[in-house]
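One line per chain: the protein sequences are A and B, in this order.
The first sequence runs 1 to 179 under this note's numbering.
The second sequence runs 1 to 79 under this note's numbering.
Keep in mind that the hints were calculated from the coordinates and are not lab data.
Any given hint could turn out to be false.
[Unchecked claim] Quick list of simulated restraints, FRET-style, between CB atoms:
hint, chain 1, residue 1, chain 2, residue 2, range
1, B, Gly78, A, Glu22, 54 to 62 Å
2, B, Gly78, A, Ala106, 43 to 51 Å
3, A, Glu136, B, Leu25, 19 to 27 Å
4, A, Met109, B, Arg74, 53 to 61 Å
[Stated by the list, open to error] Taking lysine-lysine pairs in the DSS-like style, the calculated list, with each CA pair at most 30 Å apart, reads:
hint, chain 1, residue 1, chain 2, residue 2
5, A, Lys142, A, Lys51
6, A, Lys51, B, Lys79
7, A, Lys142, A, Lys40
8, A, Lys40, B, Lys79
9, A, Lys51, A, Lys40
[Claimed, not checked] If you want the footprint, here are the derived chain B segments under chain A, 3+ residues with CB under 8 Å:
hint, segment
10, 1 to 9
11, 22 to 28
12, 38 to 51
13, 60 to 68
All C-beta atoms, glycine included, are put in the ideal place defined by N, C-alpha and C.
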Amino acid sequence: METVAEENLDLLFRAARAAGLEDEEAADVVQEALLVFVRKADTFDGRASVKTWLYGILLNKISERRRHQVREARTEEMDSVIESRFDQDGSWIRPPAPADVYTAGAQAMQWLGDCLGLLPERRRNAFVLREVEQLEVEEICKIMDLSPNNLGVLLFRTRSSLRECLEAKGIHGSADVTL
Amino acid sequence: MLRCRQVIEIVGSDMLPEQSILLRLRVWLHLAMCRYCAAYRRGLTGLRALAARLAARAESINPSRRMEILLAVRREIGK
Numbered sequence: 001m002e003t004v005a006e007e008n009l010d011l012l013f014r015a016a017r018a019a020g021l022e023d024e025e026a027a028d029v030v031q032e033a034l035l036v037f038v039r040k041a042d043t044f045d046g047r048a049s050v051k052t053w054l055y056g057i058l059l060n061k062i063s064e065r066r067r068h069q070v071r072e073a074r075t076e077e078m079d080s081v082i083e084s085r086f087d088q089d090g091s092w093i094r095p096p097a098p099a100d101v102y103t104a105g106a107q108a109m110q111w112l113g114d115c116l117g118l119l120p121e122r123r124r125n126a127f128v129l130r131e132v133e134q135l136e137v138e139e140i141c142k143i144m145d146l147s148p149n150n151l152g153v154l155l156f157r158t159r160s161s162l163r164e165c166l167e168a169k170g171i172h173g174s175a176d177v178t179l
Numbered sequence: 001m002l003r004c005r006q007v008i009e010i011v012g013s014d015m016l017p018e019q020s021i022l023l024r025l026r027v028w029l030h031l032a033m034c035r036y037c038a039a040y041r042r043g044l045t046g047l048r049a050l051a052a053r054l055a056a057r058a059e060s061i062n063p064s065r066r067m068e069i070l071l072a073v074r075r076e077i078g079k
């Protein structure tokens, strides 16, 4: 168990940081997650990998930390922004900007961090696990208790929301953007 | 005929590999002909590259804090 903790500590820390926690808070939740892992190790049934299980515990700990924070689930508002780009037939009426508008430049990383911070937790977790931690769909489904279809919809909406936010920052150079 | 809205959802949801060969071909043809949907897909590639840079840039945990955590784990194991 100590080896498992040592082997996974850094990637759990990276995931906690990518989820928007500062260094000290990220270290705290990693410690909490590993202690839970040790306490519940005898309940591990082996259906998922240890890494998958650890990610699940970590996300729960992050969620507990955030419980006191008011983060409105503005998902309807975000989704309406995405849908506003299309007419009733599903054709573009407001096409996407070229990617280099928001991905080029040193500031793009900062923007991505800012935009991730604006997302509801579930969407941010899906993006972090898929794009930052590069977990497979099956693993993420186990961690987040989602079907592959549901995860697919979540990823689509998350990526589209991030594109909206990054595009606005890239085009307008605005530090204050709502999704 | 596939609509742009349908295409970007398929592409943006990572579900394309799960689709039938026919649908995959239709999506591929649509992306070849629609510069806006192709731009959307390039945007996803850009987003993925940014996320990879985020992962690569992530700082490691402070070594002393790392040691504290491992000691805490060791104490818990010993209980």
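**OP:** Would you list, in rising numerical order, the hints stated earlier that this structure does not obey?
**Re:** 1, 4 and 11
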